[in-house]
Every structure is written in structure tokens, then in C-alpha cells.
Amino acid sequence: MKQVLILGGGAAGLAAAVELSRRGILSTVVDSAPSAGGMAARLACKGSPACQHCDACLPHDLRREALLSPMVNLLVSSELGFIARGEHGFQATVRRPEGCEDYDFSAVILAVGALPFDPDKDPRLHSRDSPDIISSLDIERSLAESNSLAVPSTGRVPESMAIIQCVGSRDSRHGAPYCSKACCKYGSKLGRRLRHLYPGLRLTFFYMDWRPVDAGEAAPEDWAAEDEMVRAVRSRPSEILAAGRPVVRYATEADNLVEESFDIVMLSVGMLPRPDNPRLAEAFGIGVDEHGFLVSELEDVIVAGTCAGPRDLGESIEEGTAAAGRAAAYLGARP
Amino acid sequence: MSAPTVLVVGVGSAAVEAAREIVAQGGRAVLVRSLGSRKQCFLRIPSGIEVIEAELVGAEGSPGSFHARLRAPGGDDMVVDCSAVVLCPSTGDRPAGGAASLDERCAAEAAESVRSVAFVLPAGSPRPSFIRAVRAASELRARAARPSVAAFAAEMTAYGTDEVVYAQAQADGVLFVRTPEAEVSLDPPRVAARDQTTGREIEIFPDLLVMERRSEHAEVLTSGSFAVARGSPGMGAVATVREGILSPGPEYERLEAERVTGARAAATRAMTLAVHPEDRASRAAVVDRERCAACLTCARVCPFSAARPAEEGKASIDGALCQACGVCVGACPARALSLPSYAEVAEHEREIIMGDRQ
Numbered sequence: 376m377k378q379v380l381i382l383g384g385g386a387a388g389l390a391a392a393v394e395l396s397r398r399g400i401l402s403t404v405v406d407s408a409p410s411a412g413g414m415a416a417r418l419a420c421k422g423s424p425a426c427q428h429c430d431a432c433l434p435h436d437l438r439r440e441a442l443l444s445p446m447v448n449l450l451v452s453s454e455l456g457f458i459a460r461g462e463h464g465f466q467a468t469v470r471r472p473e474g475c476e477d478y479d480f481s482a483v484i485l486a487v488g489a490l491p492f493d494p495d496k497d498p499r500l501h502s503r504d505s506p507d508i509i510s511s512l513d514i515e516r517s518l519a520e521s522n523s524l525a526v527p528s529t530g531r532v533p534e535s536m537a538i539i540q541c542v543g544s545r546d547s548r549h550g551a552p553y554c555s556k557a558c559c560k561y562g563s564k565l566g567r568r569l570r571h572l573y574p575g576l577r578l579t580f581f582y583m584d585w586r587p588v589d590a591g592e593a594a595p596e597d598w599a600a601e602d603e604m605v606r607a608v609r610s611r612p613s614e615i616l617a618a619g620r621p622v623v624r625y626a627t628e629a630d631n632l633v634e635e636s637f638d639i640v641m642l643s644v645g646m647l648p649r650p651d652n653p654r655l656a657e658a659f660g661i662g663v664d665e666h667g668f669l670v671s672e673l674e675d676v677i678v679a680g681t682c683a684g685p686r687d688l689g690e691s692i693e694e695g696t697a698a699a700g701r702a703a704a705y706l707g708a709r710p
Numbered sequence: 035m036s037a038p039t040v041l042v043v044g045v046g047s048a049a050v051e052a053a054r055e056i057v058a059q060g061g062r063a064v065l066v067r068s069l070g071s072r073k074q075c076f077l078r079i080p081s082g083i084e085v086i087e088a089e090l091v092g093a094e095g096s097p098g099s100f101h102a103r104l105r106a107p108g109g110d111d112m113v114v115d116c117s118a119v120v121l122c123p124s125t126g127d128r129p130a131g132g133a134a135s136l137d138e139r140c141a142a143e144a145a146e147s148v149r150s151v152a153f154v155l156p157a158g159s160p161r162p163s164f165i166r167a168v169r170a171a172s173e174l175r176a177r178a179a180r181p182s183v184a185a186f187a188a189e190m191t192a193y194g195t196d197e198v199v200y201a202q203a204q205a206d207g208v209l210f211v212r213t214p215e216a217e218v219s220l221d222p223p224r225v226a227a228r229d230q231t232t233g234r235e236i237e238i239f240p241d242l243l244v245m246e247r248r249s250e251h252a253e254v255l256t257s258g259s260f261a262v263a264r265g266s267p268g269m270g271a272v273a274t275v276r277e278g279i280l281s282p283g284p285e286y287e288r289l290e291a292e293r294v295t296g297a298r299a300a301a302t303r304a305m306t307l308a309v310h311p312e313d314r315a316s317r318a319a320v321v322d323r324e325r326c327a328a329c330l331t332c333a334r335v336c337p338f339s340a341a342r343p344a345e346e347g348k349a350s351i352d353g354a355l356c357q358a359c360g361v362c363v364g365a366c367p368a369r370a371l372s373l374p375s376y377a378e379v380a381e382h383e384r385e386i387i388m389g390d391r392q
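Protein sequences, first through last, are from chains A and E. Quick note, my numbering runs 375 ahead of the 1-based positions in the first sequence. Quick note, my numbering runs 34 ahead of the 1-based positions in the second sequence.
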């Protein structure tokens, strides 16, 4: 029976697998992590208390459906060992903990995702020098696991927090020159969630431009206007100092230099293409763009999700769904 | 089995893309559009797509069998049977109504004699407008005459890799002014604003003025007189509150790449529903008749009226109506109700956690 290889079991990969399964098409999802869901599975619900459309629940719904479907062969802790194009598709070997398995695939969907920017790569952030200068993803995980966030160095409830946007993005020296697209959405919603969990928390949101993915999103100024505990500062801090409590150094619109300390400084990290994208592209006969993201013009190798460029979860899932449709069309056209 | 029919409603490029994708996936696409006062449409419709010049006024039925009522310009109504509907609201359906939004073609169509250009994008401009202005600005700067170009925008919405295009335009000498409200007057054209980033006052007298209109975000998607609310996240991608009616959202809110993705996702979902309507019955709540005390708590709490009294007054669940939401399972005092799919997943996940199998 014809089947589709889906490399990567994150939001886009699962969306593709689920859509194919609903059409009665078999797929094998290969993911190196011990469980499916990818980066998305570590995100927290940001209800404040109403649903904030943060998309964090979507990959869980998809994963549940994929696990239940007999049409989805979900292989975790697995890697693609070998791939070769044959007459009627691809021959592949998947390396699993218990040994290797050979497969024949008619089409491939590449959904290998992207990597979060590591703040330790930018010395101005001093994230290595203070436990209280942390990445947004660490905060997501803390909320997802325990629905709480403590100041790492003291264990106390945070009373003041800075959210720094565009970390590792719009930065040609450390990180990437492009915009990571999803962080305005997720950074601000994370802030709202924290305000809801900790009514006494004073938040300062440092941003450059406001780029909402959802057109109806309230801009930081409007958020600050409706919540007196929130300040919106349009400024990109020049440095985060680790002197006891973390200190954010920034310039105001009047060009004054300000230094402010916070209990926690959250770094909204951007996304980077996986360093093995060029190798993967070569193996499948496709290309990478100037930034290192995958690009395919082949009918039977379809790219979906953040491995193709910066996206939020909603767009990744739509892309995975669309990729399933293209794969189905390709399979249907060949007897 | 003949190809399922999917109705695609809309006049923009997203509708054409969705229709094209439906044909590519083996369906029969019927493009329903109401050009109204526009009279002309520059989009090329690929062969294989049927076009009906009409307005969608209603769609009754369920996935697999919809009866869509269309109203032609002459006022005559017709009914088209289809398996699913893809709604692609576009510029003309904007709540503010009226003319097209900022079009990149303005650069190509600008007169050769133009020496100074201003783009004005007020607060509330649609998301894709900024990068379109940037591209048009770059095109103008590439002319031999090198006109001076200024863009006054409330927000510089250059998403993803478009940021690099924006940076290049800045390096190329396009002046970007961040202002929520530029002063615009005509006779002669004049644009003035205070740049919020630098505090500078800027005033220019452009030969060409290109202005964007505000857009309001609406939770309800409309195309003419047909309206349907957006689906909540849990309903899935490109969903509306009505099953079988898909929508990638209003075109004017989405960037170019997002439009294509959204249109294809909507076409894909429509074809999946058309070809394989969901088997609701297998997901429905199950009654353990031995435990059921015929108290009918479930019938009272079910938001979808799926629980009813049946033999011996005990509960019976209508598989077609049940949404597997779990309210009855929690409410039943006798614990007589269960959701089989949830129990299966729980067992499966337990096995994974315990390391029994992958």
C-alpha cells in the first residue's frame, strides 16, 4: 500500500499525518525525540482566563488523533538512516532503538522544524551569568509543567519582570537578520498569562515593532492602557547586566539611558534553521534559501512548518494540512 | 464515484487558489463570485473551474450534502448541491467596505515624471500592506530617475524574512517614518508627521501619494450577505463554527504566503470532508445500561441535545449529534457514561510513559 514519509512529528508533521489518515492514506512519522509534538508540545496554555488563541493546545489534539489512528505509523526516538530515490518513489531505512526498518514511500513531507535561538550566544544578554535571565521557552515549560513561575535564584513569586522581544532575531551579528514572526504573538500572550497567574506582577514589555499574527491582537500600548501593571516600552535594550538582580539597560525615546532592575528578565527567543538542513536538502534533491530554510519545487517532496521559515503554530498546522492535500493529490494521480 | 463538488466563494486570489487546489485533488470546483460594481476581475481562472456570477445567500445541510442557495445579479435564485464550502472573503468584504487595498502595481503604473513619492499606512492598516508598500518603494527607487520615497506607517509589519527586504529598502534610501497618524492634505499633496523613533518632524510634497485604508478585524466572516463565525482553535485549522464550511480567513488580513497556505489548507479540508465524512458515531459517548439510573442528568446537561431517554427511560446517545465533549461523562452521578476514544488514548499514553511500547 502506498504511503507517505513524514520527517518530523511536530505541529506540521502531525497535522499532515492526521489529514492523510482522515483520507485513508497511510503515513510513517519519524521523530528523533522520545515523544511526538516537537517544540510545540512544551508550550503552555495562555488562557487569561479566557482562551487567548495561543495555539498551544492544538498539537496535543493532533497528537491524540495520530496516536489513535491505525493509518499513522508514529516512530519516535527514530531517525532517517538512508534515503534513495527509486523508480516509483523512495526507499528509506529508519533507525530505531530496536534496530533498522526498511520502507518504500511514494512521497515525502519534510517537517523537521527549527531550533530556538540560544541566548548564551549573545554575550550582551549575560544569560550565563544569572539564573534569573531566562528564555521564554523555559518559562513556557515551567508553566506547562507546574502552572507556576518562581524567581529562579530565590524561589519566590516574581514581583517584577521584563519581557525582551526580538532576541536572536533582526540581529545580523548574533542570531538571524530576519524576524521570527511568532514571538510578538507568543511573548505578549505569555505576559498576559503571567499577569493572570500573578496579579501583583509588574510587567515591562520591551519591543521594536508590533507584528501580530492575528489581526485582532491588541497592541502593547493598548494592553498597557487597560492594565496599569503593564508598561510597554518601544526600545531594544542594549545590554542585560547580571549584577545581583538582572538589570536592563535601554534608551528611551528622548535618548536618555536608563537602567532598571527586575526579578526576572524573559528573553523572547527567535527561531533558527536547523544546521543539518543543507545535508537533508541534498539527500532529497531540494534546496535551501539564503537563510538556511528548506525550499522544494519537487512534487513528491513537500516542505511544511518552521523548517521552511519562521511561522507560528497556526500557520505550521495549515501548512501541514495543505502538504497532506498535495501529497494525496500526487498519490492519487499515480495508479 | 464522481468527483465531489466543493463550492468556493470569493473574488480574490485565495478563492482562485482554493478552487485550483480542489481540482488538483480530484474534486469539482465551482467558483461563486459576486463582482458587484467591480464588473471586472483581473485574475486568471485556470481551466477546469466552473464560475458562477452570483452571491451566496445561504447553505443548509451538513458535510457531504449541502444545498447552497445562490442569487444571480438578475435576482434569480438557484440551488447548488455540494459536499463542502470554502469561504474566501476578500477586500470588498472588508467591514470598512469599498476599494482595493494598497497594490504593488502602483509602482509600475506610476508616471515616469514622478520625482517624489509618499506611502501612508495609518494605524489599523491590513497586515500585508506594509511589505507591499516596501516592495513598491524599492521598485520606484530602482528607476533611473531615483525618485525620493518616504513611507509613513503606524507599524512596520515586515514579518519573517520580509524583514530583510525592509532592511534593504532602508539601506537603499527609502525614508521610513513611524507615526500613528500622518497629516495628509491635497492641492498640493502634502504629508507631514513626527517620527516617533527619532522625534524629527518631516514634511514632504509628493508627486504621487499612495494611501492605505484601515481595516477592522471581525470575528464573523462575510461574503455579501452570507456570514459565518470563525471557528475556535479546537475546531481545527481553517474551520468555521459550521462543519463543512471552511475558511482561510479574510484575504486582506493574510500575507501572500499565508493566503496560499490557507487556501490550500481549506481546499484540503473540504476535500477530506467531501470524500471521507467524519465517522462521528464511533467517537460518541457510550451508555452502560446496567449502571444507568434513568435520571436524565445527561439529557439536561448535553449542549448538543445528543442525550435522550430511550428504552426503560435509560439514556441513549445520538451518534450524529454527539461532539464527544465529555460534559455528560462528568455529570452522570452513576458514572454510566464514558468516551471510548479518551479511554483508549489514556491507555496508550500510559503504555508509552511506562515504556511498554513506543
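Worth flagging that the hints you see were computed from the coordinates, not collected in a lab. Since we're looking at a predicted model, the values are computed, not measured. Backbone N, C-alpha and C define an ideal beta-carbon position, used for all residues, glycine too. Some clues are possibly wrong.
As the list claims (entries may be wrong) - So the derived list for chain E, only partly shown, Cβ under 8 angstroms to chain A, looks like this: (1) G60; (2) R62; (3) G268.
Claimed, not checked - Cβ pair distances, simulated, as ranges: (4) R499(A) with R78(E): 48 to 58 angstroms; (5) Q202(E) with G660(A): 22 to 32 angstroms; (6) G660(A) with P337(E): 47 to 57 angstroms; (7) S528(A) with R248(E): 39 to 49 angstroms; (8) A328(E) with T468(A): 31 to 41 angstroms; (9) S523(A) with L77(E): 51 to 61 angstroms; (10) R248(E) with L443(A): 22 to 32 angstroms; (11) R248(E) with R516(A): 52 to 62 angstroms; (12) L632(A) with R169(E): 49 to 59 angstroms; (13) E520(A) with G268(E): 17 to 27 angstroms; (14) G95(E) with L443(A): 23 to 33 angstroms; (15) A157(E) with M376(A): 46 to 56 angstroms; (16) G660(A) with E235(E): 48 to 58 angstroms; (17) E235(E) with E635(A): 23 to 33 angstroms.
Stated by the list, open to error - Pulled from the structure, derived: some chain A residues nowhere near chain E, Cβ distances all over 10 angstroms: (18) T403; (19) H666; (20) R686; (21) E693.
> If you check the beta carbons of R248(E) and R516(A), does the distance land in 52 to 62 angstroms?
Replying inline: violated (39 angstroms)
> In this structure, is the beta-carbon distance linking G95(E) and L443(A) contained in 23 to 33 angstroms?
Replying inline: Hint holds: Cβ distance 28 angstroms, inside 23 to 33 angstroms.
>> According to the definition I'm using, a residue is off the interface if its beta carbon is farther than 10 angstroms from all beta carbons of the partner; does E693(A) meet that for chain E?
In response: violated (4 angstroms)
> Beyond 10 angstroms from chain E, beta-carbon-wise, is R686(A)?
Replying inline: Since the minimum Cβ distance to chain E is about 8 angstroms, R686(A) lies within 10 angstroms and the statement is violated.
> Within 17 to 27 angstroms or not, the Cβ separation of E520(A) and G268(E)?
Replying inline: holds (22 angstroms)
> Holds or violated: R62(E) as interface residue toward chain A, Cβ cutoff 8 angstroms?
Replying inline: violated (14 angstroms)
> Taking the CB of E235(E) and the CB of E635(A), does the distance hold inside 23 to 33 angstroms?
Replying inline: At roughly 30 angstroms between Cβ atoms, E635(A) and E235(E) fall inside 23 to 33 angstroms, so the hint holds.
> Can the suggested window of 47 to 57 angstroms be confirmed for the beta-carbon pair G660(A) and P337(E)?
Replying inline: Since the Cβ atoms of G660(A) and P337(E) sit about 51 angstroms apart, the hinted range of 47 to 57 angstroms holds.
> Between A328(E) and T468(A), does the C-beta distance stay in 31 to 41 angstroms?
Replying inline: Since A328(E) and T468(A) have Cβ atoms about 58 angstroms apart, the given range 31 to 41 angstroms is violated.
>> Taking 22 to 32 angstroms as the stated bounds, is the beta-carbon spacing between R248(E) and L443(A) within them?
In response: About 45 angstroms separates the Cβ atoms of R248(E) and L443(A), which means 22 to 32 angstroms is violated.
>> Tell me if the interface restraint on G268(E) is satisfied: Cβ within less than 8 angstroms of some Cβ in chain A.
In response: It holds, given that the least Cβ distance between G268(E) and chain A is near 7 angstroms, below 8 angstroms.
> Given a hinted range of 48 to 58 angstroms, is it respected by the beta-carbon distance of G660(A) and E235(E)?
Replying inline: holds (56 angstroms)
In summary, the structure is inconsistent with hints 2, 8, 10, 11, 12, 19, 20, 21 from the numbered list given earlier, while agreeing with the others.
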